[in-house]
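Residue numbers (our numbering), protein chains in the order written: chain A, 1 to 345; chain B, 346 to 690; chain C, 691 to 1035; chain D, 1036 to 1380.
Everything labelled a hint here was simulated from the structure, so no lab data went into it.
From a predicted model like this one, the values you see are computed outputs, not experimental measurements.
Among the hints, erroneous ones may be present.
Example chain D residues on the side facing chain C (calculated, C-beta under 7 Å, incomplete) [as the list claims (entries may be wrong)]: (1) L1062; (2) A1103; (3) G1130.
Just so it is clear, CB atoms sit at the ideal spot from N, CA and C, and this is done for glycine as well.
Protein chains: 4
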Amino acid sequence: MEKLYFASDYQEGAHPAVLRRLCETNLLKTPGYGLDGFCEAAREKIRAACSCPGAAVHFLCGGTQANAVVIDAFLQPWQGVLAAESGHISSHEAGAIEWGGHKVLTLPQQFGKLRASVICDACERWNTDANRAHMVMPGMAYISQPTEYGTLYSLAELEEISGVCRAFGIPLYLDGARLAYALACPGNDVTLPDLARLCDVFYIGGTKCGALFGEAVVISDSGRMEHFFTIMKQHGALMAKGRLLGLQFDALFTDGLYLSIGLPAIHAAERLRGEFLDRFGWRLAFASPTNQIFVLLDNPTMERVAEKVEFSFWEKNDDSHSIVRFATSWATRPEEVDALIAAIE
Amino acid sequence: MEKLYFASDYQEGAHPAVLRRLCETNLLKTPGYGLDGFCEAAREKIRAACSCPGAAVHFLCGGTQANAVVIDAFLQPWQGVLAAESGHISSHEAGAIEWGGHKVLTLPQQFGKLRASVICDACERWNTDANRAHMVMPGMAYISQPTEYGTLYSLAELEEISGVCRAFGIPLYLDGARLAYALACPGNDVTLPDLARLCDVFYIGGTKCGALFGEAVVISDSGRMEHFFTIMKQHGALMAKGRLLGLQFDALFTDGLYLSIGLPAIHAAERLRGEFLDRFGWRLAFASPTNQIFVLLDNPTMERVAEKVEFSFWEKNDDSHSIVRFATSWATRPEEVDALIAAIE
Amino acid sequence: MEKLYFASDYQEGAHPAVLRRLCETNLLKTPGYGLDGFCEAAREKIRAACSCPGAAVHFLCGGTQANAVVIDAFLQPWQGVLAAESGHISSHEAGAIEWGGHKVLTLPQQFGKLRASVICDACERWNTDANRAHMVMPGMAYISQPTEYGTLYSLAELEEISGVCRAFGIPLYLDGARLAYALACPGNDVTLPDLARLCDVFYIGGTKCGALFGEAVVISDSGRMEHFFTIMKQHGALMAKGRLLGLQFDALFTDGLYLSIGLPAIHAAERLRGEFLDRFGWRLAFASPTNQIFVLLDNPTMERVAEKVEFSFWEKNDDSHSIVRFATSWATRPEEVDALIAAIE
Amino acid sequence: MEKLYFASDYQEGAHPAVLRRLCETNLLKTPGYGLDGFCEAAREKIRAACSCPGAAVHFLCGGTQANAVVIDAFLQPWQGVLAAESGHISSHEAGAIEWGGHKVLTLPQQFGKLRASVICDACERWNTDANRAHMVMPGMAYISQPTEYGTLYSLAELEEISGVCRAFGIPLYLDGARLAYALACPGNDVTLPDLARLCDVFYIGGTKCGALFGEAVVISDSGRMEHFFTIMKQHGALMAKGRLLGLQFDALFTDGLYLSIGLPAIHAAERLRGEFLDRFGWRLAFASPTNQIFVLLDNPTMERVAEKVEFSFWEKNDDSHSIVRFATSWATRPEEVDALIAAIE
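Hey, can you work out the whole structure from these sequences and the hints?
Below is the structure:
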């Protein structure tokens, strides 16, 4: 029997609308490096969806690459990036940020989120430290929506963080690798125009949200990063056939697809959460309203389920319990959810 | 009227067999990061095509990225990479190699090629320089097949270069961004097994050779670079959906497709070279047997042709003449060649 | 009235024996870059003092430079360095390690010290993490003797740490910026030969211990770092007049001077600690047996003392108390201690 | 018999006035990191000598370090530094500039000098290259006075170079490792105020010009590099006892010492040049008016002289001839010149 896959949200190819677009246009000839009409059309649609006509939009291949290029582009050499200890750049990018020369200044998190007051304290502490000229200066704040724990910043929280960053003059960067799952979540009150208004730069995730691959970096003030193109090239992040990325984001931003593409994942996750709690009596490791479900399992249960289902081992909780993650995606079908529930029973 | 496109070989999407493979498998679920069965199958086919069962094969997204990751992985911090002045890494990668901390040690070229004797002299010069401990040590040699000028190394030349590199204990790296056009060229006598035997590492170009995107790095001795995966991640070069690259190379290495995929480009280029010389009386800037044709045009002719055709401006020759490049590709159809000839007349 | 200086141990020039040596030899001519006889003599004396005839000894200008060069030389690109959160490289070197491309993997400390078990846990956690190929690998452990809090590792602790590092195959590096103050401390049981035996690399601090400037890096196995000289040059850390460093360390290692040079500092610190506690009723922020005394003062007292004495503000404790540091040095005279006590009263 | 040393100008210690200053002040206590009064006094004297009251002056330890820090501070990540092929940063700094992430864009030289027209052409070529966004942008011009071949820029040449740099908006940086020998040269017409007026940043060499060690970086517009202190620290280039550098430059800029300190070297070199040509019939490899003399010797002569004299082998000229360098210094005495002449005869 084939295993059931709930290990992550990058296990399938692309949404059919995206693939169709690539097929239809396959033999058309265009200029390279993102200077083609498809990229330009996608940029226009993204600017419109963000209500941010002055934004620069750049397309990159993946999340770690987007983080490394954006952070390197925005920071001065003597600056570091503030991030939660649980932030992806802190722990799971093989030191890509440090390889680029910058320290990740880790701060305590709460359910995967940075609080405005924590950022504020860190900046004030640096500002008032007698040794600050010997220390790495906070030069950017990095947050994720949803976070690495599947949680969401509320609009009020995001406004407060943005306010602190502006008060200290540091740009706010939001990693939206799974942004479609935030946007599709009933409890979410943060829109794309909010992100463009409150962040200095963010990326709209494609790889985990219906594209074959690709992330769209949105720099709210297009005049700010004149040399971003060359910095991309220097990082090996500029695609010769940039149109591939433009075509995909054009499809994702046609008829509002990106805003609804996460719905099947959210519905599947809600149903699973309900069954995990009510039917199986499992405990959530922490509450998350999006497409990632973190549960605390005793080890024999974990091992039994693992025989039939691919999920992610998250971390050891104690000697007899573990935290594991089940992830749904835009491609998850109700039958797969049924099968998972049947497999656990 | 639409313009005719002969500016480069990355203007279309993918070969139909590649696209078909992506479509057929689109909703299958696989593990991420290149650990899936499609990648493994592609690796096996590439090892077989190279007669190199012990090779490690890694898939990357593009040429500059492949160069940066490979060179960074193989060099020690105090070493630089020998390359022709005309080498892609020397001039057209926005300093990606230096950004990674390494000097490109440029050497004179002849028709885009490095000669073995030039590499030998450079290594000997360093070895015998009283100040060598204050200088960047040659730690790798970089060549391209075909070269940036469309020319080819013969097997004899490659054997000689390989011999010099081994004598001095430095790895030989071959950039095969356009390798399919070398392999399809009647005058070529260098095979994939020759490359695996004579180089320490090389990459088989996909982006310009029928893939949507992607390059396959072949490290002849798989035990040599244990941490290549992590180095890829650190460079932002590890795709979450690594299967996309595996699927494409699986298609390209099924039924020998990669060995013949360049033929239409070579035929088109041969016909164009003949017409340029015989019908229009143009002069070649240098002889190249592959899919790039460099011609010397007087400026009024160049401007007249530019009204109807997209080609690449290469460089100014003198005040009244320029060198321009016409490139064909795996996708070039005979009708397009006809149209180009008609457009020039 | 001149202020009394107890802010640090790098406020004077050099020990008279060091200065005399520089003066005596001033107009002699020697080769550059540390290839002279004075450097060679100093290396021999250090090897003898460490009972480590096979050691390589390199002279650098300062502590941050020594840390950056050593860590960069020993780590592979995908590795990071384990360090206490309070480690100098973590916080007060302006990101020099990250600028060199490496992550500082911070671990919790106790009185400024890393425990062997904490290093062991970190290595095991990495070894067993399913995502370890996406994470920075621990490639070295960094400790300081005395620590940044003036505390000392015992021989037993150091042996345990060394054992853990060897079990996991990672080099142990000890920062001895203030090593003379450890060696002069009655409670210390770690000798130079112990350091050479238990560490893979360490540095013997000169700048804070009687030299004008300079640190001697000792690599226990001289065959290990063949290219250290070139790495120094690449970091801008190779002195043209390397003899200046050799001469100073030659003086410091003549007649055991380095082993006793810290005594005046230790005596002064002991006396101050006694008076602070007994006469003034102050509280120590933490116990330290070396030349740094950390006291907890209420803010009015701190401000009153600051009018007459230069000391280091360490950190805010609560709204009404602060932690401040008084440092003695090899040059501290009993009269200065008397004056300090009188000034506080 | 002891050998005669004419291999370089960093073979002795310091000028007596410098050493005296260090001795006199040895036990005075000052704050660290260049924030002391001696550094401030030296800065004031240098600003006065340069007629540049708005300059920032920073003290570094050596030439390669100064080059690496300055170039890294001034360049943006996507920029490289223009330099002569013979420039010190191009060839003899072990890749320190590339290690910092920047390409050295080498240009042809004439007698070690860059011509204004060559810089202008390079900038124009970049500006008009269709691929410039894929290339390293010229972001600074680096020249040396005297050059690595001992030659001098005239004021007219320097004004022309400065004009070109300003026209293209790139800073001009002058490496003055041996500046005292230029200033003492009868044929020189470039003063310190000229340098401050025409360059954006330059350094006044101490190590080779009478200091024990140290270089003074002068940034003409002090507002330009607010974070230079932290960049120094990040490079491991900030001395704890910064006063050592301040004291030395204070001595060198008292009573115009720096302007005359090179005279003995110039006189000795002039006499040697005369004797080499007239008495021994040797040929100069190229004319240089400063303290470095490059002669072309047949190999038997070279070997004979080498038995008694330390000089620098420069490069092989042909199978039977070599170019060698004799260097004089501020410390060269007439008797040593006599002895050298006698030794050659």
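Satisfaction of the D/G1130 interface hint, Cβ to chain C closer than 7 Å: holds (6 Å)
Hint validity - D/A1103 Cβ closer than 7 Å to any chain C Cβ: holds (5 Å)
Status of the hint placing D/L1062 at chain C (closest C-beta pair under 7 Å): Holds - the Cβ of D/L1062 comes within 7 Å of chain C, reaching about 5 Å at its closest.
Violated hints: none; the structure is consistent with every hint.
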